[in-house]
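S.K.: Take a look at the letters that make up each chain.
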Amino acid sequence: MEQDIERATLWFLTARGMAAASGDIAVDSQPSAAGLFAQAVLGLSEDACIEGKSAARINRLSLIDCLSGVAALPPEIQEKFLTGALMIALLDRRMDAAEVRWASVLASAMRLSTQRVEECCLGARILTDMLHPVTRTS
Amino acid sequence: MEELSANFGFLEALDRRLSKLGKQAENYVHSDPEACLFKLRLMVEMMASTLARVTLGNALPPELGVTLGELERRGVLPRHEADNMHAIRRDGNSAVHGGIAPASTAMRRLKDAHSLSYWYCQSMTHSQGQERPEFQVPKRPIADFGVDSQVAAAETLEDQIEQRRRRTREALLLFANADDRATITKRYRDELDGLDAVAATAGELSIDAETMALIMALELEQLLEHPAFGQVSRNARREAELQLNAVKRRLEEQELTFREARERLTNENF
Numbered sequence: 001m002e003q004d005i006e007r008a009t010l011w012f013l014t015a016r017g018m019a020a021a022s023g024d025i026a027v028d029s030q031p032s033a034a035g036l037f038a039q040a041v042l043g044l045s046e047d048a049c050i051e052g053k054s055a056a057r058i059n060r061l062s063l064i065d066c067l068s069g070v071a072a073l074p075p076e077i078q079e080k081f082l083t084g085a086l087m088i089a090l091l092d093r094r095m096d097a098a099e100v101r102w103a104s105v106l107a108s109a110m111r112l113s114t115q116r117v118e119e120c121c122l123g124a125r126i127l128t129d130m131l132h133p134v135t136r137t138s
Numbered sequence: 001m002e003e004l005s006a007n008f009g010f011l012e013a014l015d016r017r018l019s020k021l022g023k024q025a026e027n028y029v030h031s032d033p034e035a036c037l038f039k040l041r042l043m044v045e046m047m048a049s050t051l052a053r054v055t056l057g058n059a060l061p062p063e064l065g066v067t068l069g070e071l072e073r074r075g076v077l078p079r080h081e082a083d084n085m086h087a088i089r090r091d092g093n094s095a096v097h098g099g100i101a102p103a104s105t106a107m108r109r110l111k112d113a114h115s116l117s118y119w120y121c122q123s124m125t126h127s128q129g130q131e132r133p134e135f136q137v138p139k140r141p142i143a144d145f146g147v148d149s150q151v152a153a154a155e156t157l158e159d160q161i162e163q164r165r166r167r168t169r170e171a172l173l174l175f176a177n178a179d180d181r182a183t184i185t186k187r188y189r190d191e192l193d194g195l196d197a198v199a200a201t202a203g204e205l206s207i208d209a210e211t212m213a214l215i216m217a218l219e220l221e222q223l224l225e226h227p228a229f230g231q232v233s234r235n236a237r238r239e240a241e242l243q244l245n246a247v248k249r250r251l252e253e254q255e256l257t258f259r260e261a262r263e264r265l266t267n268e269n270f
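Order-wise, the sequence lines are chains B and D.
Here the first sequence is numbered in our numbering, starting from 1 and rising by one per residue.
Here the second sequence is numbered in our numbering, starting from 1 and rising by one per residue.
The set of hints was computed from the structure by calculation and includes no laboratory data.
Virtual Cβ for every residue (Gly too), placed ideally from N, Cα, C.
Among the hints, a few may not be true.
[Stated by the list, open to error] Computed footprint of chain B on chain D; a stretch qualifies when at least three of its residues, placed anywhere within it, have a C-beta under 8 Å from a C-beta of chain B: (1) 37-43; (2) 244-258.
[Said to hold, decoys possible] Not the full set, but computed from the structure, chain B residues with beta-carbon under 8 Å of chain D: (3) ALA19; (4) LEU73; (5) PRO74; (6) ILE77; (7) GLU79; (8) ARG94; (9) VAL100; (10) ARG111; (11) GLN115; (12) THR128; (13) MET130.
[As the list claims (entries may be wrong)] Here are the simulated DSSO-like pairs of lysine-lysine, each with C-alpha atoms no more than 30 Å apart in a straight line: (14) LYS111(D) <-> LYS80(B); (15) LYS111(D) <-> LYS139(D); (16) LYS20(D) <-> LYS186(D); (17) LYS111(D) <-> LYS20(D); (18) LYS248(D) <-> LYS80(B); (19) LYS248(D) <-> LYS186(D).
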């Protein structure tokens, strides 16, 4: 359970980094996609998600901590994390420089090849299509 | 003169139709819970429609669910109020389509509608600080033997379902309700700016930002062509290219800033 909670903390930190890079998404509304992804793709339980993003656990960590955390993940989990982060970036059908930067540092911290990154981005696009998100301008 | 509703009378000055619907819902809560839910759904629809007209202009989405989603995304509807409106919409729809609703469900939604009405009134009149009037439970007709215990059991079950629903929602969201999202987001943004500065100063990472932007732009083009968004291929490509160029420009600006800073330092020291 503890490992799941730590993974949930890391995932929500990764997702928050991307939502913050998207700007208004993080402030004006809260996408449920991060939680859906945590449960459906990462296999984390509701309890792990709630505990993982509790202020006591997540607020003491920085994005740099997040980078060192994802670097230590098993490769298959790393790819899932990057896929999820890219999915959040693409939800509004826009690409901001800060989102690109966060994706770039995540992928580099994970030491992924360009081909792996392309595969993650493809997966993210398919998930985004399935979620049928809304644009900022709609 | 018609007596005002105990729970919705304060709406009379703002919108008589809402006040009337609230009173009707109160009257039906024990005798006809489905009718009560139907009236409450109408109330929510009217509130959402007014809020949407004010904030979205003429671009009113056709469905209540979509309207509520859009109002929430734009920050017009706080999370708690959006939850309540969705709950009333859902139970109201079920009642309209023949679903059986216990009086306890109708009572819970009536209470939600009371809280919502207060928030709505505050928002529309831009008034704050007034104390919310206490919800008055409408009197129940004298019950047959055994009915009260059934109602109590149903209410307990309703409470459990409500708690379960809130927990599920809590697990899905990115931030907890009590989190100061603006402050946390700003902290992350500052860190991202720092990471940008490091990349400009110390050199790009193994997956450089320009490569990442190109990969993302290719998928973005595919997304924009999706039937739900309906852009033709040429426009989708143009839009993706515009976004890619904007990111590239931003990266070039950072590089330029770094070069200028370095030149300034060199001139100052040598």
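S.K.: Against the earlier hints, flag every one the structure doesn't satisfy and list their numbers going up.
M.R.: 1, 4, 5, 6, 7, 11, 13, 14, 16
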